[in-house]
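Those protein sequence lines, which keep their order, are chains Z and L. FYI, the numbering for the first sequence is 1 to 312, going by our numbering. FYI, the numbering for the second sequence is 1 to 425, going by our numbering.
Keep in mind the hints are simulated off the structure, nothing from the lab. Quick reminder that beta carbons are idealized off the backbone N, C-alpha and C, glycines included. Since no wrong hints were added, every one of them can be taken at face value.
Label pairs and their computed distance ranges (CB to CB):
(1) L:Val364 to Z:Ala78: 15 to 21 Å
(2) Z:Ile292 to L:Ala14: 36 to 42 Å
(3) Z:Pro31 to L:Asp309: 51 to 57 Å
(4) Z:Gly238 to L:Gly45: 54 to 60 Å
(5) Z:Gly36 to L:Arg387: 26 to 32 Å
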Amino acid sequence: MDLLSAALLALLVVGYLVLAGADVGLGMLMPHVARGSTQRRRVVAAIAPYFLASEVWLVAALGVLAGLFPVLEHHAVAELWPVLTFLLAGWLVRDAGLWLRARVDGERWRSACDGAIVAGSWTLATSWGLALAGLLTGGLTMNPFTLLCTVTVIGLFALRGSAFGAERLVGPAACGTDRDAECADVAAQSTRLIARATLGAAVLTAVSALLPDGPEVAGLPALALALLLLAVLAATSGLSGPMLSRHTSAVAIAIPGLLVAVAAPLPWAPVPSTTAVFVWATLVPVVPVMFIGQVWLYRMTRRPADERTFFA
Amino acid sequence: MFEDPLLLARLQFALTAATHYMFVALTLGLAPYILTTQLVATVRGDRSRMTAVRFWGGLYLVNYGMGVLSGLVMELQLALNWSGLHEMFGYTFAAPLALETMTAFFVESTFLGLWIFGWDRMGRWAHLACFAVVTATAYVSAWWVLVSNGFLRNPVGFEMVDGVAHLTDPVALMTNPAATMAFGHIVTGSLLVGALVIAATSAYHLVRRDDGHGVFRRGIRYATLVLCVVPIPVAVFGGVQFELFGQAPPTSGLTYTATEIEAIESAAEDGVLLQAANMTGDAVMMTAWTLMFFLGPALLMAWPLGGLDRWRWFLAPLVFTPFLPYLASVGGWVFRETNRQPWTVVHHLTTADAVTPMSPGTAVASFGFFTLAFAALTVITYWLLVRYARRGPDGGPLAEQRTGEPDDPAASDGSQEPAAPVHTF
Chain Z
1 MDLLSAALLA LLVVGYLVLA GADVGLGMLM PHVARGSTQR RRVVAAIAPY FLASEVWLVA
61 ALGVLAGLFP VLEHHAVAEL WPVLTFLLAG WLVRDAGLWL RARVDGERWR SACDGAIVAG
121 SWTLATSWGL ALAGLLTGGL TMNPFTLLCT VTVIGLFALR GSAFGAERLV GPAACGTDRD
181 AECADVAAQS TRLIARATLG AAVLTAVSAL LPDGPEVAGL PALALALLLL AVLAATSGLS
241 GPMLSRHTSA VAIAIPGLLV AVAAPLPWAP VPSTTAVFVW ATLVPVVPVM FIGQVWLYRM
301 TRRPADERTF FA
Chain L
1 MFEDPLLLAR LQFALTAATH YMFVALTLGL APYILTTQLV ATVRGDRSRM TAVRFWGGLY
61 LVNYGMGVLS GLVMELQLAL NWSGLHEMFG YTFAAPLALE TMTAFFVEST FLGLWIFGWD
121 RMGRWAHLAC FAVVTATAYV SAWWVLVSNG FLRNPVGFEM VDGVAHLTDP VALMTNPAAT
181 MAFGHIVTGS LLVGALVIAA TSAYHLVRRD DGHGVFRRGI RYATLVLCVV PIPVAVFGGV
241 QFELFGQAPP TSGLTYTATE IEAIESAAED GVLLQAANMT GDAVMMTAWT LMFFLGPALL
301 MAWPLGGLDR WRWFLAPLVF TPFLPYLASV GGWVFRETNR QPWTVVHHLT TADAVTPMSP
361 GTAVASFGFF TLAFAALTVI TYWLLVRYAR RGPDGGPLAE QRTGEPDDPA ASDGSQEPAA
421 PVHTF
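Working from the sequences, and respecting the hints, build out all of it.
Quick look at the structure:
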């Protein structure tokens with residue numbers, strides 16, 4: 001039961017990183033891939049159906065953390081209080097931008113909301129980088145590893161966003177005039193560049209991990225995951241265009257989550273059996289509904305929305 | 001006074017919770033009405049009723065957005081600022097919250113996404129089913145949150161193992177009277193919030209004789225019925241809970257002995273601010289309830305005389321009535337939560353012990369940012385709600401697009417492809 005509960009937590013965190021990585025990453029890249037109000041609207045229209053269904057994974061992970069792993073939660077809050085507050089602030093600003101963008105018809109209003117989306121997305125990615133470094137080193141310390149780890153995580157989010165954008169920003173000629181490049185193409189071209197930069201940052205992170213004062217992570221699983229990350233990034237930087245980057249970026253961004261799950265020095269307490277049975281017995285009947293909703297939403301919105309929706 | 005992290009954390013949580021609840025109450029109050037309207041519209045193929053669904057649904061979404069934002073902040077803030085509570089009562093207090101996030105919010109948000117993006121992409125019955133799931137999970141969500149909240153008031157069903165509460169009786173947790181009665185109170189109270197928002201919006205348009213789709217004629221009749229039926233159950237569910245006040249919870253004595261409890265409670269009996277907040281909350285709630293209690297019969301008497309559609313002098317003041325249920329809701333929560341002090345978990349954990357040890361600087365920074373952000377977002381959301389309510393069914397965020405409409409925001413963006421709806425009502 002303990003293992004199952006831990007697996008649930010890991011699944012929710014990894015699910016969040018893979019799914020939300022796409023819309024957070026695209027939010028970060030908005031100034032780069034979108035020129036002009038039409039293209040920016042298109043980017044928000046690509047993000048909007050997903051952020052509702054992806055941030056719930058993090059909310060669920062936080063719930064499981066509080067309800068089944070209070071010792072771990074206490075550790076995370078004690079070590080990462082400023083980072084998590086920063087993350088919450090970024091989350092609030094980003095979501096406020098997304099919810100409010102289409103509510104007022106004015107160029108300045110939309111620019112402000114786009115600014116909130118971009119700033120919030122960057123804040124989220126940065127916070128996750130700091131949180132990862134903090135969890136791996138067992139506390140937030142200011143050293144080269146923390147810095148490089150943060151840069152790598154930001155790169156992973158950006159890579160995921162550009163792969164997502166290459167796929168979802170494809171649209172009719174309405175997107176962009178002749179002078180501007182099609183935003184999906186810009187995103188697609190970025191995948192290679194971002195993958196190379198992230199690969200460089202990841203290598204440096206791995207090297208800095210060997211310095212004293214680095215992470216308290218050792219063992220074969222951590223090494224294997226680190227090598228997998230480098231291999232996946234290397235593969236993406238060599239590919240021409242987006243091609244498999246949708247899958248490779250998903251694998252790449254899942255690795256930080258898995259790394260924390262298998263290798264980080266985390267305090268651990270067995271889940272009391274009554275609580276575990278109570279939570280699992282209530283949860284299991286709902287799992288099919290959760291699954292259907294997610295799959296349905298992702299399938300239904302595969303086609304980019306051209307018509308006006310609630311968000312853009 | 002504002003250098004005390006405990007006071008800041010408490011104030012911050014009170015503000016977050018009160019703001020969150022104002023949006024939650026309207027969500028819970030509107031959802032059943034929208035669902036019923038969409039059901040009738042789907043069964044009958046009634047275009048004017050679908051216009052009503054799009055109109056009230058637009059308000060629902062604007063309101064829901066701020067509900068989610070404040071809910072996210074509330075959940076994280078609970079973890080960040082109240083780690084003492086989680087350390088001791090994680091397995092009991094936070095387990096229902098864990099279930100809320102997965103069985104309620106996860107499903108609710110996903111299916112709301114399906115509903116928003118599914119207007120033109122799925123069959124009308126599937127679309128209706130999505131909103132049915134949204135409505136059901138909104139109530140499931142309220143249920144789990146109140147199981148957690150009721151536990152603070154009346155902690156039941158656990159044993160203490162090395163200073164950590166271990167759940168022994170999930171059934172006692174779920175049937176806790178402090179939770180079930182509060183759920184009844186919240187559900188009925190939210191229906192009043194929804195009804196008066198509907199009544200006010202309807203009255204605004206009926207005064208202007210602006211009701212081409214019959215949306216507001218039906219709205220004010222629904223509100224009349226709710227206002228006649230619901231105030232009594234609200235008072236009953238609320239009144240039953242007074243019996244719990246001052247009663248020792250069944251688990252009293254597991255953490256502190258009776259003498260220690262008495263010492264803690266007598267040491268804390270000097271909070272003037274707290275006393276004032278408690279009494280104001282109670283008075284506001286009771287006054288607002290009394291006014292709402294008389295509103296229902298007044299509306300009912302005007303109905304057969306045709307006053308609900310015609311009497312401008314009668315309808316005009318109704319526009320301001322939503323203040324009543326909102327004041328009652330916030331007053332009620334202030335009353336309930338201040339009544340529990342000095343305890344966070346009655347007879348087990350004091351509020352001072354529940355708070356995360358924070359430096360004054362970080363506490364001030366966090367309090368300042370989130371209070372300002374919340375104030376701005378709340379003002380913007382209510383401004384938008386009022387604006388959309390006044391615009392009526394043709395100007396809502398979910399209103400059907402008509403190409404070539406001059407005030408169509410998409411048109412100014414240059415993307416003028418007309419939507420190709422699968423079903424057109």
